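Novice: Sequence:
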Amino acid sequence: MFLIAAIWNWALAATFLILPRIDINYFLLGGYTIPPTLLWFDCFMGEILAFGFGFYIVSLNVKANHGIIVIGAFEKLWVFALSLYYFLIHEATPLLLLVVVGDLLFALLFIEDLRAIRRMT
Numbered sequence: 046m047f048l049i050a051a052i053w054n055w056a057l058a059a060t061f062l063i064l065p066r067i068d069i070n071y072f073l074l075g076g077y078t079i080p081p082t083l084l085w086f087d088c089f090m091g092e093i094l095a096f097g098f099g100f101y102i103v104s105l106n107v108k109a110n111h112g113i114i115v116i117g118a119f120e121k122l123w124v125f126a127l128s129l130y131y132f133l134i135h136e137a138t139p140l141l142l143l144v145v146v147g148d149l150l151f152a153l154l155f156i157e158d159l160r161a162i163r164r165m166t
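Numbers given in the numbering used here equal positions in the sequence shown, counted from 1, plus 45.
Hints are computed from structural coordinates only; laboratory data are not their basis. Please read all numbers here as calculations on a predicted model, not as lab measurements. It is possible that part of the hints are untrue.
So the derived label-pair ranges between C-beta atoms look like this [to be verified]:
(1) 129 with 88: 20 to 26 angstroms
(2) 73 with 107: 35 to 41 angstroms
(3) 78 with 116: 26 to 32 angstroms
(4) 66 with 159: 35 to 41 angstroms
(5) 112 with 153: 15 to 21 angstroms
(6) 112 with 60: 25 to 31 angstroms
(7) 82 with 105: 35 to 41 angstroms
(8) 139 with 79: 15 to 21 angstroms
(9) 160 with 63: 35 to 41 angstroms
(10) 91 with 67: 16 to 22 angstroms
(11) 102 with 74: 25 to 31 angstroms
Backbone N, C-alpha and C fix where the C-beta goes; we use that ideal spot for every residue, glycine too.
Using the sequences and the hints given, assemble the complete structure.
Specialist: Below is the structure:
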């Protein structure tokens, strides 16, 4: 599961880092306005990429890296909650909300893994 989460993060980060360089209008897939600079968006995508590396590390040894799972669950819940908020105030598209439902599912799976790890110890 964590390897799939890593690939999910890498694919999303790469997609959202590359597409706006091909055509800035691709940015409109996620939001209704194009920001004046992509600095903060690129920083966020870099963080998503970094979390992907963290999930890959977890996939190598789940029991030894439960701290990364905690941070990952928080990150995924945060991304979903923030995206839902922006969708509700009409600043994010339904497509973006659909994508971050994947993050919500991963967060719930991460939390279930944490609970299983704690039961085993």
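Novice: So, for every hint listed, does it hold in this structure?
Specialist: Going through the hints against the structure:
With their beta carbons about 21 angstroms apart, residue 129 and residue 88 fall inside the hinted range of 20 to 26 angstroms. At about 38 angstroms, the CB distance of residue 73 to residue 107 agrees with the hint of 35 to 41 angstroms. At roughly 30 angstroms, the beta carbons of residue 78 and residue 116 sit within the given window of 26 to 32 angstroms. Judged by the Cβ atoms, the range 35 to 41 angstroms given for residue 66 and residue 159 holds: they are separated by roughly 37 angstroms.
Take residue 112 and residue 153: their Cβ atoms lie about 19 angstroms apart, and the range 15 to 21 angstroms holds. Between residue 112 and residue 60 the Cβ separation comes to about 28 angstroms, which falls inside the hinted range of 25 to 31 angstroms. Checked against the given bound of 35 to 41 angstroms, the beta carbons of residue 82 and residue 105, roughly 37 angstroms apart, stay inside it. The given range of 15 to 21 angstroms is respected by residue 139 and residue 79, whose C-beta atoms sit roughly 18 angstroms from each other.
The hint said 35 to 41 angstroms for the Cβ distance between residue 160 and residue 63, and at roughly 37 angstroms that hint holds. One distance hint, 16 to 22 angstroms for the beta-carbon pair residue 91 and residue 67, holds here, with the actual separation near 19 angstroms. In this structure, residue 102 and residue 74 meet the distance hint of 25 to 31 angstroms, their C-beta atoms being roughly 30 angstroms apart.
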